[in-house]
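Peer 1: Residues per chain, in single letters:
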Amino acid sequence: MIRIALKMLFGDRAKYVMLISGITFATLLMAQGMSLFCGLMTWTFSTLRNVSAPVWVADPMVEQVGDNLPLRDTDTDRVRSVEGVAWAVPLYQGNLQARLADGTSKLVTLVGLDAATLIGAPADLLAGRIDDLRMPNTVILDEYGVERFSAGRERPIGVGDVFEINDREARIVAICRVHRSFTGGPYVFTTYDRATQYAPNVRKMLSYVLASPRDGVSAEVLARRITGETGLRAFTESELMWSTIWWYIRNTGIPINVGTIVIIGFIIGAAISGQTFYSFVLENTRHFAALRAMGASSGELSAMLLVQALVVGFIGFGVGLGAVAFLGTNLLRLGRVPFLMLWQVPAIVAGAVMLIVMISAALGINRIARLEPAIVFR
Amino acid sequence: MSNLFRRFSFYLALAGLLFAGRLVIQLAAEPPPSPPPHPPAVNPYARAIAAAGLVEAQGENIALGVPAPGVVTGVLVSAWESVKAGQPLLLLDDRELRAQLVSQRAAVDVAEATLERLRGQLARLEQVTDERAIPREEVATRRSDVRVAEAQLAAARAGVEQTELLLDRLVVRAPVDATVLQVNTRPGEYAAPGAANPPLLLGDLTKLQVRADVDEQIAPRVRPGMRATGYLKGASERPIELEFVRIEPFVVPKKSLTGGSAERVDTRVLQIIYRFPPLEEGSVYVGQQIDLYLED
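Protein chains in written order, with our numbering: chain A, 1 to 378; chain B, 1 to 296.
If you are wondering where the hints come from, they were derived from the structure by calculation, not from laboratory data. Glycine included, every Cβ here is placed at the ideal spot set by N, Cα and C. There could be a bad hint or two in this list.
Per label pair, the in silico range of CB-to-CB distance [said to hold, decoys possible]:
| hint | chain 1 | residue 1 | chain 2 | residue 2 | range |
| --- | --- | --- | --- | --- | --- |
| 1 | A | Pro156 | B | Gly225 | 42 to 48 Å |
| 2 | A | Trp242 | B | Pro39 | 45 to 51 Å |
| 3 | A | Gln344 | B | Gly234 | 28 to 34 Å |
| 4 | B | Ile25 | A | Val202 | 29 to 35 Å |
| 5 | B | Tyr11 | A | Trp242 | 53 to 59 Å |
| 6 | B | Arg227 | A | Asp215 | 20 to 26 Å |
Taking beta-carbon pairs under 7 Å as the criterion, some of the chain A residues facing chain B (in silico) [said to hold, decoys possible]:
| hint | residue |
| --- | --- |
| 7 | Asp67 |
| 8 | Thr74 |
| 9 | Arg78 |
| 10 | Arg80 |
| 11 | Ala86 |
| 12 | Leu118 |
| 13 | Ala121 |
| 14 | Pro156 |
| 15 | Tyr248 |
| 16 | Thr252 |
| 17 | Ile263 |
| 18 | Phe266 |
| 19 | Ile267 |
| 20 | Ile268 |
| 21 | Gly318 |
| 22 | Leu321 |
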């Protein structure tokens, strides 16, 4: 029975390609849209990924990692005084203009790390040494910054080269690889004390206090305790990540735009494949009627249709997902393109494809169920 | 034919799935969080109050002042030099007083000569025994002239002495036994009383102490005699047990390290003094920052 169903499906190659391409197209649109969304969302909390710490303490009004509502310097010691804190260090984060030797200025995200420990320093260094950050007027630039700052230069900017932030010299001692930021500014790492000198002088400079729990204390428990005792707002890394993501979902049009792409993908996929499948069923009505005349029950005919629909769904989904993966790999190679395919993306798309396939099959089954064997003679 | 096509599409789909699966795994692989480049100082107590401290000499650092404004003509000590109480440290320009001294010394000579002359005259008059030859008043007047001249000589000598004392004042001396921590002036520079940057900084380095700032919001938890462990900046692997000295009775505005003129005070801090145990030479310096944990 199933062999007959498959034969019927592969019999008409044009129709088969049409069926597959509907699903492929739907998969492509949905998976690409979702991967773009996930990629964009990971950009929003790049600082969090680049500067890793179990607990982040900020002003009570901070909702996302890019917020800059500074604390007072002594708040580091207040956090250290909370029971269960193993260590706590200050962190500066701000967007500043960097001025290059040729006079152009570029936006950068300046991150100031605790000078004594350099906690949060990028782990993946392409050149230079992290400890050179202890020398005066030194910074670490990210790979993306090298690309942006090198425009118009004879050779790319590198270790030992100099640019300016707020009229102060910034000498590059290392090049790192980090996740790029949502605002598009390259990351520049330096020490906390130096960052406060680079940044325009305001009363308070401390963006975050990074803390770590003692052995045996979970980050969640510690975050709640810090919030309770100091009146500041403490996040665990994942809490701050989700807080940031939700902030962007609430406050930007990204989810609506991407959601539209995904829904359009679903509708187009459903429409094309539903229609094609239905016309495929119509075209093969005679065969089904013949089978019915030979004594096949409705259930068996439905099973045939279901198998046909599932095969179409599987092949279409596989080809579509492969195309997205191919596209994504090449986009990522280009850089600067948000693309992240989490396992949830194929799972959700598979669910949607399944739905499309089932709807199509249901339409066909509905047609076949009312089939009279006599139709074969018409 | 149909079979071949079927196979091809099936394998294409399978390849697509595998490729996507590989990409998903590849993208999901986050590098594990890297350990801090340098281990941070970990709170050694179960419950503790953290404070930021600054190392200073015992009995605080002495920002030496000059008694009068003037150009520095000599710096007699250098950093790290141990000085005894009363040892000259700085010389200020004293030419004006010296010039004054020249004329004042001359005035002493004049007064001496005048006195000598008057005394001689008086002596000669007194040698005359005949009272009729010299009137009584004459002798009395001469005597009083001698006394006036004596007083004038004393005044001239006092003037010289005063100028000499004033000259001595322009030699700035060490008030106590101490070590020179910083020399901020060079010969030729101008020094004035009350300048923000003292010309010399002295301190008693035989014992060092820490001035720890505790945020006023956690200050109520502070008790006298709390045990404390300090970690110098950048030396988190070397805890230093500190000895409680006292709590300063006055809560002061927090000194910010930026030192900008537009700074506004937003916190006041309770200061606690801790003493260092005997340490090996050169392991701690005055002015270093130190993170303290006070056992709660």
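Peer 1: Minimum Cβ distance from isoleucine 268 of chain A to chain B below 7 Å?
Peer 2: 19 Å, violated
Peer 1: Using the nearest Cβ pair, does isoleucine 263 of chain A come within less than 7 Å of chain B?
Peer 2: The hint is violated - isoleucine 263 of chain A has no Cβ within 7 Å of chain B, the shortest such distance being about 22 Å.
Peer 1: Return holds or violated for the Cβ distance of tyrosine 11 of chain B and tryptophan 242 of chain A against the range 53 to 59 Å.
Peer 2: For tryptophan 242 of chain A against tyrosine 11 of chain B, whose Cβ atoms are near 40 Å apart, the range 53 to 59 Å is violated.
Peer 1: Does the nearest C-beta of chain B fall within a distance shorter than 7 Å of the C-beta of isoleucine 267 of chain A?
Peer 2: Hint on isoleucine 267 of chain A: violated, closest Cβ of chain B at ~23 Å, above 7 Å.
Peer 1: Could you say whether the range 29 to 35 Å given as a hint is met by the Cβ separation of isoleucine 25 of chain B and valine 202 of chain A?
Peer 2: 45 Å, violated
Peer 1: Would you settle whether the hint for glycine 318 of chain A is holds or violated, based on the nearest Cβ-Cβ distance to chain B being less than 7 Å?
Peer 2: Since chain B brings a Cβ to about 3 Å from glycine 318 of chain A, closer than 7 Å, the hint holds.
Peer 1: Has the hinted range 28 to 34 Å been met by the Cβ atoms of glutamine 344 of chain A and glycine 234 of chain B?
Peer 2: At 44 Å between Cβs, range violated.
Peer 1: Answer holds if the nearest beta-carbon of chain B is closer than 7 Å to that of threonine 74 of chain A; otherwise answer violated.
Peer 2: Hint on threonine 74 of chain A: holds, closest Cβ of chain B at ~4 Å, below 7 Å.
Peer 1: Would you check whether proline 156 of chain A satisfies its interface hint, that is, whether its CB is within less than 7 Å of any CB in chain B?
Peer 2: 25 Å, violated
Peer 1: Can you verify the interface hint for phenylalanine 266 of chain A: is its Cβ closer than 7 Å to any Cβ in chain B?
Peer 2: Interface hint status for phenylalanine 266 of chain A: violated (18 Å vs cutoff 7 Å).
Peer 1: Identify whether the interface hint at arginine 80 of chain A stands, where standing means a beta carbon of chain B within less than 7 Å of its own.
Peer 2: Arginine 80 of chain A check passes; min Cβ-Cβ to chain B is 3 Å, inside 7 Å.
Peer 1: Does the closest beta carbon of chain B sit nearer than 7 Å to the beta carbon of leucine 118 of chain A?
Peer 2: For leucine 118 of chain A, the interface hint holds, since the closest Cβ of chain B sits about 4 Å away, which is under 7 Å.
Hint check: violations occur at hints 1, 2, 3, 4, 5, 7, 14, 15, 16, 17, 18, 19, 20; the rest are consistent with the structure.
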